[in-house]
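Could you build all of it, start to finish, from the sequences and the hints given here?
Numbering (our numbering), first residue to last: 292 to 760.
FYI, nobody ran anything at the bench for these hints, they're computed from the structure. Check the hints yourself; a few may be wrong.
Said to hold, decoys possible - Label-pair distances were calculated between CB atoms; the ranges are:
1. 467 - 597: 42 to 50 Å
2. 385 - 620: 18 to 26 Å
3. 640 - 682: 21 to 29 Å
All C-beta atoms in this analysis are idealised placements derived from N, C-alpha and C, irrespective of residue type, glycine included.
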Amino acid sequence: MSGTPAAARACILAAVLCAIWCTLPAYAPDAPVPWGTAVLLAALGLGCQAAGRRSPPGGPGPVAAGAFLPVLLTAAFLLPPAAAALVAASGSLTGRVEQPPYAARRIWRAAQLALTCAAASWAYATLGGPVTLGGGGAAPDFPRALLPACAAALAFSLVLTALDGLVLAAAERRPVHRSVSALLPLALGPHLVHALAGLMTAVLWRSPYGPLSALLVLLPMYLSCWVFAQYHREQAAHRTTIRALVHAVDIKDTYTRGHSERVGRASVLIARELGMDDRRVEGLRFAGILHDIGKLGVPTRVLRKDGPLTPEERRIMELHPEYGHEIVRGIGFLDEARDAILHHHERLDGSGYPYGLSGSRIPEFARVVAVADAFDAMTSTRSYRRARPVSAALAELKRCAGSQFDPRMVGALDRALGRHGWSEADTAVTADEPREPFGAAAGLRQDAPLIPRARSAAPLSGPSRDRRR
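Laid out in structure tokens, this is it:
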């Protein structure tokens with residue numbers, strides 16, 4: 292734990308002490324703990340964690356969380372808080388840890404989940420959940436059983452994300468409320484699903500069929516998680532591919548470092564304002580990020596030249612959309628993004644390049660990226676000109692709407708910025724992979740940043756004159 296910040300170590304120590312305190316009632320001589328159930332659930336949790344250490348059929352990567360979290364919630368439904376905390380801690384100590392410091396993360400996760408399960412068990416018992424499960428010949432009381440189960444899931448999510456927010460605030464000096472507000476919406480939905488699976492497992496556990504029947508619930512959860520894991524591995528591969536391509540452009544064209552990420556963000560704002568579905572929004576993000584990938588084919592002396600380009604240099608620069616299209620031609624998942632890469636310098640009046648397309652002949656993605664590209668060029672700072680204010684950039688886009696830009700896209704950007712604002716700092720990310728938070732909720736975050744930290748990039752005296760974009 293030597294590499295862990297002192298404040299984070301203090302949080303871990305406090306969580307461990309609280310977790311130990313929560314488990315102490317289980318050791319009382321008269322504690323009403325069904326130790327057989329606790330041992331079986333702990334063994335089941337250990338089995339799920341062991342499965343997470345191996346590659347599932349069809350590819351690498353852990354998928355055990357899809358079964359492990361329902362086991363924890365089953366423990367919260369069947370056991371008193373102290374025993375549920377013991378089950379959570381025993382399973383967590385053997386789980387897979389991806390990043391150092393390994394010991395600190397493992398200890399933190401065990402303490403965190405122990406406290407989380409204790410809170411869920413307490414909430415469940417407080418609302419009379421145990422009596423709704425049936426057993427001993429009695430049928431489960433549905434739908435009454437759903438209310439305490441949902442309350443337990445809510446307590447699980449709240450405590451989990453609160454502890455994650457606390458340790459992130461200590462380790463990375465970020466506000467606790469920002470961390471919690473970012474993590475809670477991502478955690479609550481999956482935890483409600485896991486709670487329903489845990490409730491079904493608990494009902495079967497109490498039924499005449501016994502604990503073995505509970506596996507009928509956990510196995511489908513494991514398989515569904517495996518399917519989602521395949522999808523997320525594919526998405527991770529896409530992000531890795533894009534990160535490598537954009538990093539190469541940023542290294543070569545140092546004047547516009549960070550520009551691609553900002554264009555991607557502005558493109559997403561426009562796409563969402565236009566009501567595009569999630570698949571197209573993601574495609575436009577890729578299009579914005581990769582729109583200048585063709586600069587890899589432009590000589591470095593042209594890209595890094597101070598001052599205006601000569602006519603010959605401008606002709607060379609104007610080849611970059613075609614270079615970019617060739618570079619990404621074989622990347623199937625880019626789909627419509629390829630058209631944006633090729634045509635983002637076309638103008639509505641037909642005077643753009645490379646093919647002089649006009650009006651609706653210009654692909655929709657290209658019209659979106661053209662506006663996002665020009666907006667960022669005007670609102671960032673390059674070595675030979677200062678940034679314009681957002682209001683001035685929007686005024687210039689509106690002036691050129693109908694001749695250079697699609698008025699619909701300009702209007703969408705204007706409305707989106709009115710709601711969300713704009714700041715270069717919002718798109719700045721580190722060059723390294725984002726650090727994994729200590730807590731279990733970290734695995735729920737799927738919007739990892741794509742490219743290295745943005746430096747100030749920049750605009751020109753007007754979008755129609757900027758041939759370096």
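Okay, the hints, checked on the actual structure:
no. : hint                  : result
1   : 467 - 597: 42 to 50 Å : holds (46 Å)
2   : 385 - 620: 18 to 26 Å : violated (47 Å)
3   : 640 - 682: 21 to 29 Å : holds (25 Å)
This entry does not satisfy hint 2, going by the numbered hints stated previously; all others are met.
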